[in-house]
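Colleague: So you can see what is in the structure, the chains are spelled out below.
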Amino acid sequence: MKPGSVAIVGAAETTELGVIPGLSQIQLHADAALNAMKDAGLSPKDIDGVATAGESPVAVAHYLGIKPTYVDGTSVGGCSFMLHVRHAAAAINEGLADTILVTHGESGRSRVGAGRFGGSPASLQGQFEAPYGASGPPSMFTIPVLRYMKEFGVTEEQLAMVAVVQREWAGLNPRASFRDPITVEDVLNSRMIAYPFHLLECCLVTDGGGALILTSADRAKDFPTKPVYIIGTGESAETPMISQMYDFTSSTAFRISGEKAFDEAGIKRSDVDHLMIYDAFAHLPLYGLEDLGFVKPGEAAQFIWDGNTRPGGKLPLNTNGGGLSFMHSGMYGMYALQESVKQMRGTAAAQVPNAKISVSHGVGGMFAAAGTIIMSNERP
Amino acid sequence: MESFNATGKGTLHSYVINHRAAPGFEADAPYAIAVVMLDEGVKMMTSMVNVEQTPEALQLDMPVEVTFDPVSEAISLPKFQPVSGGVK
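Top to bottom, those sequences are chains F and A. All residue numbers for the first sequence refer to my numbering, where the first residue is 1 and numbers rise by one. All residue numbers for the second sequence refer to my numbering, where the first residue is 1001 and numbers rise by one.
Please keep in mind that the hints were generated in silico from the structure rather than gathered at the bench. Among these hints, one or two may not hold up.
As the list claims (entries may be wrong) - Here are the computed lysine-lysine pairs in the BS3-like style, where the Cα-Cα straight-line distance is at most 30 Å: (1) Lys1043/A x Lys221/F; (2) Lys296/F x Lys1043/A; (3) Lys1043/A x Lys150/F; (4) Lys1043/A x Lys260/F.
Chain F extracted, bound-state conformation (with noise of 0.2 Å):
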């Protein structure tokens, strides 16, 4: 993709984040695209993309009434809406549509009109996995992590400091559904999920959504809000089965997707104003920090424990409080994406300084897929 060649346009979540019972999965997609196309002074016949996971991007498309030249639903996990707007931004480069519209909603703690989760039983996950008693994310994610700990000597205490640096980011957010405090002792001393995490190291359940309107940078200066380009972009897909990652101190997939939006954007590590990388544990940021290049192996742990990242560090991450604080609806991706863009509109609840350039990293499935999305609000 050229940088700078599309940008958001819109972008909302749904009304309401946290326990919504009123609202279905695809009431969940309509209500953020509803919301994302007010944003945009748009409206559904304006639309001719439309891209979604975990929902059929057909039922979104007829729910709303539009009647799309363009259908993407490239379902990988949580970071699928990283991928869509990765391959939104390339098809309006290829004229395939001129405004794509990209939703997510998931009703995951209420779980009405909500799909399953889970591979079925004759998946590689089902036949060589889940008969040891390996059952959701919880007990699979989390298992490289101990190999983790032990090659770069982390401690314990320091994979709790991430849950206590991202509450203090969700301390500043008035939409955070857990905002006080806590210590390295609160999540030591919270019930034991899956040895060696602990609650509060574990994302939440909630309901909510979230979406995203693109267009060509040439068209974006005619919306009303600022526009914010994408600058680079990157994916990848690495294992079906957590127990097949080929490094379980590194993501493959993190290292090949940032690689990629980083050489696009043209860009070094320390241009990056703000990063967002997708929380679903605790671990997730410092496989992600080292496998984006911010640091080298072994050394975030250290970085986020010296303050690097909380309030007032140079790199600040996760600043809506991430899935570990802020919300979780299961594929957390948009969410990720909502807080770069208000981060580059200077509209953030935790407004980071003339921030310029944001990287937004996702992980889908248990270390499964990964992309990637550097956006700025300076066209380059």
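Keeping the supplied structure of chain F fixed, place chain A upon it in accordance with the hints.
Modeller: Frame of chain F, contents of chain A only:
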């Protein structure tokens, strides 16, 4: 891709001790879900048996060996136990 006969020897590569039992595993919780590195260089998910399901008993890189659990007439699951002598 290639196929080979494994010796059933390896080391404990990583694990969690799951406190939220999967359906059908309630009586076992908390139980370890482990990944062993076979001597042939392949990782696989498994259960650790004949050993306490604690961080103290389950040391990374401890030598382990396969033992087959006949869960039904049709299915035997490869599980792993510490090699006698345990951690050197």
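Colleague: Could you run down the list of hints and mark each one as holding or not?
Modeller: Outcome of the hint check:
A threshold of 30 Å between alpha carbons decides the hint, and for lysine 1043/A with lysine 221/F the separation of about 52 Å lies outside it, so the pair is violated. Restraint check for lysine 296/F and lysine 1043/A: the C-alpha separation of about 25 Å stays at or below 30 Å, so the hint holds. Pair hint lysine 1043/A plus lysine 150/F holds up; C-alpha atoms about 17 Å apart against a cutoff of 30 Å. Of the supplied pair hints, the one linking lysine 1043/A and lysine 260/F holds, its CA atoms being roughly 28 Å apart against a limit of 30 Å.
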